[in-house]
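Chemist: Take a look at the letters that make up each chain.
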Amino acid sequence: MKRASSVFICTVLLSCGAVRAQEAPDLAALEQTEQKRSLEWEALANDMNDRMARMLPCDPRAMAAVNEVSRASDARLESLADYLRAASAKAFAETADAKNLLNIEERAAVEVTLERADAGQEQTAVDTQSDALAQSVKQRASLEGPQKLLTEIVAIVRERATVAEQRTISADAAVALLRELVAKFEARDTALREEFAASEAERARWSGYYAARRARAQIECSITQIGTPAPKGRQGKR
Amino acid sequence: MRKLDLPNPRKAARLASGALLTAALFCGAAGLIGQTTRDQYRQAYNLWQQVQANLERDAGNGGAPQVAQADRSASAAASFEATRAAYVKSASDDAVRRRSILQNATTRTSPDLVPPAVASLAAGELLTVNKAIAKFTADKDPGIQELRQSLERERVALVALSNTIQTRQGTVAATAQASVALEQARAKAAEAFGDQASQLSRNAALLEMERAAWADYYSKLADAIQNANLPAPSPASAAPAVSPVDISTNAAPTASAPAPRSNSVSPVPLVRYVGEWTFPVVNGTFHGATPVSVALAVRENNGHAEGTLSGRFQPPPGVTDPVVQFTFEGEIAATPAQRFTLKANDGRSGVVELIPGPAFNLLEVNFQMDLRPNKIRSGNFILVKK
Numbered sequence: 001m002k003r004a005s006s007v008f009i010c011t012v013l014l015s016c017g018a019v020r021a022q023e024a025p026d027l028a029a030l031e032q033t034e035q036k037r038s039l040e041w042e043a044l045a046n047d048m049n050d051r052m053a054r055m056l057p058c059d060p061r062a063m064a065a066v067n068e069v070s071r072a073s074d075a076r077l078e079s080l081a082d083y084l085r086a087a088s089a090k091a092f093a094e095t096a097d098a099k100n101l102l103n104i105e106e107r108a109a110v111e112v113t114l115e116r117a118d119a120g121q122e123q124t125a126v127d128t129q130s131d132a133l134a135q136s137v138k139q140r141a142s143l144e145g146p147q148k149l150l151t152e153i154v155a156i157v158r159e160r161a162t163v164a165e166q167r168t169i170s171a172d173a174a175v176a177l178l179r180e181l182v183a184k185f186e187a188r189d190t191a192l193r194e195e196f197a198a199s200e201a202e203r204a205r206w207s208g209y210y211a212a213r214r215a216r217a218q219i220e221c222s223i224t225q226i227g228t229p230a231p232k233g234r235q236g237k238r
Numbered sequence: 239m240r241k242l243d244l245p246n247p248r249k250a251a252r253l254a255s256g257a258l259l260t261a262a263l264f265c266g267a268a269g270l271i272g273q274t275t276r277d278q279y280r281q282a283y284n285l286w287q288q289v290q291a292n293l294e295r296d297a298g299n300g301g302a303p304q305v306a307q308a309d310r311s312a313s314a315a316a317s318f319e320a321t322r323a324a325y326v327k328s329a330s331d332d333a334v335r336r337r338s339i340l341q342n343a344t345t346r347t348s349p350d351l352v353p354p355a356v357a358s359l360a361a362g363e364l365l366t367v368n369k370a371i372a373k374f375t376a377d378k379d380p381g382i383q384e385l386r387q388s389l390e391r392e393r394v395a396l397v398a399l400s401n402t403i404q405t406r407q408g409t410v411a412a413t414a415q416a417s418v419a420l421e422q423a424r425a426k427a428a429e430a431f432g433d434q435a436s437q438l439s440r441n442a443a444l445l446e447m448e449r450a451a452w453a454d455y456y457s458k459l460a461d462a463i464q465n466a467n468l469p470a471p472s473p474a475s476a477a478p479a480v481s482p483v484d485i486s487t488n489a490a491p492t493a494s495a496p497a498p499r500s501n502s503v504s505p506v507p508l509v510r511y512v513g514e515w516t517f518p519v520v521n522g523t524f525h526g527a528t529p530v531s532v533a534l535a536v537r538e539n540n541g542h543a544e545g546t547l548s549g550r551f552q553p554p555p556g557v558t559d560p561v562v563q564f565t566f567e568g569e570i571a572a573t574p575a576q577r578f579t580l581k582a583n584d585g586r587s588g589v590v591e592l593i594p595g596p597a598f599n600l601l602e603v604n605f606q607m608d609l610r611p612n613k614i615r616s617g618n619f620i621l622v623k624k
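Note that the protein sequences, when read in sequence, are chains P and B.
Here our numbering is used: the first residue of the first sequence is 1, the next is one more, and so on.
Here our numbering is used: the first residue of the second sequence is 239, the next is one more, and so on.
Note that these hints are calculated values from the structure, not bench results.
Among the hints, a few may not be true.
To give an idea of the chain B side of the interface with chain P (calculated C-beta under 7 Å), a few residues [stated by the list, open to error]:
no. : residue
1   : 353
2   : 432
3   : 433
4   : 436
5   : 455
The beta-carbon is built from N, C-alpha and C at its ideal position, and this holds for glycine as well.
Please take these sequences and the hints and turn them into a complete structure.
Modeler: In structure tokens form, the structure reads like this:
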């Protein structure tokens, strides 16, 4: 299972690059193929014992029936592996994107903190301007108009500083959520890897079962010899 | 062609500023979009702070130098606001682009991949094999014993298969569960970033209000300083007061002299026209013929303006000569929009209008010349001060 998992990771990492370079794989088409192969196998597998029950042990069609179901099983499990590989490649690419986003957003959050500091500095500066103008108005009444405008600017800058503060809090919260999201991406990827490994293990077990089924059919034939075609020489003597 | 000769040119400029505001600011930033950094806008801020230092303190008893300082401060503030607006827009666009991945549902594996009958099929086979084994247990025939052993091996294979089927089903359920948890986390993160986007919008709106407020403030401040020093207008004369002091050169007024903003009759500082201007390399604003490059130089002396314009345009249909070169001159009028007679190098004549833009470092130019085959006849664009 571990080996299957390692092979899977290598394969998927390679296909991750392919996913980025080319278009994403058509999962819907792969799913359709898998379902078709499953139906084909299911029909043959359900019918196998009934068909074999009507044949003599050494009837070549008996072994052919087992082989046919075995091939259909291989085809089904191969298409399932194809689907899981493609889905995983797509999923792993998403995880890489999410990690990249987290990286950038962490830097952006630092930038937002600096912008908040800038807003604070601007607020102090405009407050100082406002105080100075208030003094000048005492000397020159015509400055009352500009003073009123500066008071409005002070209010705008103050609100902007408040928004900057909120942005800092939001950015930190969003980055925390993004970290959780990346962890969920990784958990999903782990689950996918385990699903693929389990699927490969099952594939091996189905092969083992069909091999055992074939062996039984051979023994049934060898101990009964019923249904074995007569040797050509004897037929000639007749 | 945009209508520029509105009854009140100052009002026209204000109206135009509304429509052209965003684009014009980015013109002012001269292609800084996408590459503006916080350091750049902080530099612009520091420059503004240096230029406007002590202006409010000195406004109480100041004169012409403070009027000029107010104009310079307005220009520096406009430059800072334009640079910051470019930075904010660039950062916002980047954020929207990179966060778009959060809007898409994550990849989920289909729950319908493996037929549900797989487990029951294996279980059915196991039952059959167990029955056969039980049937042959007592039979001592060597052939039957061989068959029974074969069935035993098949049973072992089926038991192992059933176990792996169960294990796989467990992993499928775990993947589905992990996918659901991932989707929930994605939706939550997308929502959080959505909140950030609305804060960014609010921030951008406040910055825009602030930009307009600073421009208005400096204009009013300069007017207030100027008007406080002007003598009361004579009721007999409707003509605006004319000062001998040239503010465009920052000449200091005498202690008792009024502090007019210009020695011309122009209601806006001459620095809004005088100087060297150019068409921005990217994101230029224009109407009609598309400018490739435009250079404008304007000089003023005792209320008389003269200048040269040299431009190259993308040839519109029917035009083979995309180059325009002319000189112009005339008296500064008591209106924000200045209209001068022009003389082109190819002998044509016409008129050119210079209209102060929405920011101090922007100037709208509108020219029209005689019609001549294969030649550019008119142009309308906003230039940035060099």
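Chemist: Now, for every hint given, state plainly whether the structure supports it.
Modeler: Going down the list of hints, with the structure as the test:
no.: 1; hint: 353; in the structure: 5 Å, holds
no.: 2; hint: 432; in the structure: 10 Å, violated
no.: 3; hint: 433; in the structure: 6 Å, holds
no.: 4; hint: 436; in the structure: 9 Å, violated
no.: 5; hint: 455; in the structure: 4 Å, holds
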